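As a plain string of letters, each chain reads:
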Amino acid sequence: MQQSVLDRLTASLPDLNVSSEIKRGGQKVVFRATYRGNVKAVFKVVMPQSSEERERALREIAITSELGSPLFARIHSYGEFEYDDNSVIYVIEELIPGSNLRDLIQAATPGLLPHGEARRIISSVLNALEMTEARNLVHRDIKPENIMVTEDRVVLIDFGIARHLDLASLTNTWAPFGPMTPGYAPPEQVRNEKRRISIRTDFFSLAVVTYELLTGFNPFIAGTRTAGEAIQRVLTFNPPHLSTYGYHESFDLFVGCAMSKYCNRRPANVAMAKALFAQIQWEA
Amino acid sequence: MFLLQQGHGMLGRIEQFLDEHPHSGLIISPRICERDQLERYLPGFKRVANAQIFFDPHFYEPRTDLVRVLSYPYFENYNFQTAIFDSRQFCEEVVSYQVDALDLANIILPGRYSNAVTEAWLEMQRAFADVGAAARPAKTVYSTIALGPDAILNVDSWNQVLDEVVNYPVDGVYFVFEHLNNSYFMDEEFLYVILNGLLSLSLAGKKIIVGYANQQSVALAAAGVDWFASGNYRNVRSFDHQNSTDRDTEHFHRAVWYFDGNTFGEYRVPALALAFRRGLRDHFGPETVHSADLLRSERPALWTEPAAFAHYLHLMHAYCEGFRHAPKAERAARAMQFFSERQNATDRLAEAHFSFGDRGFNVAVLATLAALESFNQDRAQDIRQLSD
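Just so you know, the sequences run in chain order A and B.
If you want the working numbering, it's the position in the first sequence, counting the first as 1, plus 443.
If you want the working numbering, it's the position in the second sequence, counting the first as 1, plus 827.
Next comes chain B alone, as it looks inside the complex:
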């Protein structure tokens, strides 16, 4: 249920992660990975038993200048001009690369990012789905749906998309979306709308991968999501279509944060040190093999980026596994309970006057619960019909 959304500097650690985390997998991104690198590392990833491996063709911005993306073979002889571009031919080449060159069991079809749903976009998406489904019937085929907040919040356009996707002849959907805030949803309406849409896709029998997920995205398990893909840096914990054009995200300012599973916030080590000094140590957790030293030290100081990443991904995997073990029809209730526990932990820290900082989840936990509660209330009948 958990997939690594490959970020910068991950290649060397992926194999170990897959080995240590059963029921996990990986989405490889051309934005991060040269073609020859990918093909060199792939056999090692495949060696891990039961690891699910996906390749994101990264067609979000067809006019991208990213050299890595354009280095993949389906972009050869490629010219995205409305009058010339042959979406069927392009899709066949994307499928061919994943099947013939990479020999993957799962295929992710190309999907263009859009913040406005047009007939041309719908037509292209359907053409991709038709070609993908017909090309390799023995494979598990996912359509990419990449949307911006305006397309999702507009009732008609969002339902237009859903009305079509439920009829796609594919096995699943790889869903990536931008939202109003670059980090958490602080808008319960937005989360509610996404939950409703994903439930429709689940009920239509589509497997769902939510890409570029962060800890809050786990709430979408309530709608029957099958896989969550998340990664090390923030740019793979929320989707930004501009990262698919020419923005070089490797030079983002980096800081080391501690992800707290109890409250779902991320805190700087000095904030943690102050809390520990004030006797609040027991509020933080749960401890992982990667964070044990940090959480047990008298004065937390040593917290490295690799440990922070490993700790975050380990917990995300654990939370996703927790949902995987529950029947889909029960996950909405479980999600309510899960985020209620986060709210309670957050409240306790707030009562102790802990300063949550820039990445505290305290700003979003109530919105998350409000969306889940409304979703549970309004779609109870449909939720009960979710099957595994």
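Okay, chain A solo, but in the shape it has when bound:
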């Protein structure tokens, strides 16, 4: 993305003061910023790859901005900036001060969070999905990097724009596949089977995150050398049950069901996923 475009965009947003760049991908840039004086914020800019992608991104950002829950980053403002017959979408959202789950897993010894913390995190993500399910939204990119954890909040971030930011750059590399994160995306997302994408897609990814929290590794990524290998594993490999690692069989009900290769065999809705999650015997 050209610096001149970014300069023109930020010049058009007088309430925004961009301070430093956090990350940059093929079609996106993320900055640290302040909004309306001293509100700490994240400023995201993405260049849609198609008119369809643009419309969907705008629609989903609009819905997400109305969620109004601490389970999501508050969206202060969003919009579209047009230049030279092109357009970029920007989002100014709340800066979540804690660490993301990836950082927490890596900092933990030996890569495992206390059960109480794992339980709080997964339970919170299920609550977040309950809200998005009601609005017929699918996150499509649940992974530790997109779960922010503070002392009193768990926040599912990058909703509605995830694939338009982080995933857009993957599309070119993995052209035969859909936008996705290898190792977390379920088979229907890997195969870009759009008609099969639903809340069940998010359940698969959440099950992988759960597995990772409890074992310290992603079963589809551990031991692989390339993203292609991880993708292949998602399609063909059935990870050992959590009970083989000493966990109670009730963990297998939730994770095993949600991690099914066939989405029709996963929980049909969040209420069912929660019912399975509630049966887990954490202390056994």
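Derived from the structure by calculation, the hints contain no laboratory data.
Computed from a predicted structure; not experimentally measured.
Here are the computed lysine to aspartate or glutamate pairs in the DMTMM-like style, where the Cα-Cα straight-line distance is at most 20 Å:
#, chain 1, residue 1, chain 2, residue 2
1, A, K704, B, E946
2, A, K637, B, D957
3, A, K704, B, D1205
4, B, K873, B, D846
5, A, K637, B, E950
6, A, K717, B, D1215
7, A, K637, B, E946
8, A, K704, B, D983
9, A, K483, A, D595
10, A, K637, B, D983
Facing chain B, according to a computed beta carbon distance under 10 Å, are these residues of chain A, among others:
#, residue
11, E631
12, R643
13, L696
14, C700
15, A711
16, Q722
With the Cβ distance kept under 10 Å, some of the chain A side facing chain B (calculated, not the full set):
#, residue
17, R638
18, K704
19, N707
20, A714
21, M715
Every residue gets a Cβ at the ideal spot worked out from N, C-alpha and C, and that includes glycine.
Could you slot chain B onto chain A? The hints should help.
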């Protein structure tokens, strides 16, 4: 929970059946019924309070030569050529006929029969679902899923279908399928696979109608099926896609059979007479108003086709009602018990050296129980999540 799957010669009896059997309904078939006949009889069917009326658009074989089927208006200006056929337009016309001409509350969308799941088939099915759901949001809309045994037994293709259907924007599914035997499933694997698939659809909140059902199909109540549709002749008690091309099933050889609710077999009257002579009368039943004379006679002889049909449909309705009264989460256990009772009755007759004949259910009862037991074992957690 019970629907009449309209067969030949039924039109005159449907209204009475609906009157006498609360919580029942009807699926009208263009294969059997001329358009003008249907539109003449329909007001009478609608008069029956709470009767659920469905119309099967009969798109199983798009290149059908059946004149009755082609007489319906959505087949006018219709040309099923891959390059020309507009599935959305066709579906809109099917919906329009059911809503605007027939004024039905339930809509069954068209569905093509397939024994091999292809992307083209999946795409057409989804297009039908999208059009149907969008066309009349106030109606209860069902997608037709019509599959052959190869498509169902292949793990990937069956799950491909299910993975898509759970996301259809429709209220329910009208499921018809061919199986390996033309009568009963004698293959427990097949029944197990169907049970698993239908459970996925139930859990996804889809209402399910199993069409062309027979007495064994009642086992599918275990998966939360809402409606079973069955009829008088055997050609409406199991699905055969070839009946949708040009086969005239009216000239099938007819024989009169007695359906035994205790054992789920069907027996010829001479076989019954021999059993009665041997003192086995008490093994047969239960008695209905239609079969009382037969079962009470010293030497059963007089058993007419209308009585045989009425008796069968009356019992099917009763069994479906029995399941309807149980919460869905308990129906799998109830189905086990139900078919265990049939097995016990069958065993008692076998011990008495009764000859079950061509339509004895003794060949299928163990397979049914094996499938149900495996299903209960493997999907217990999911079954508990079924809600009414």
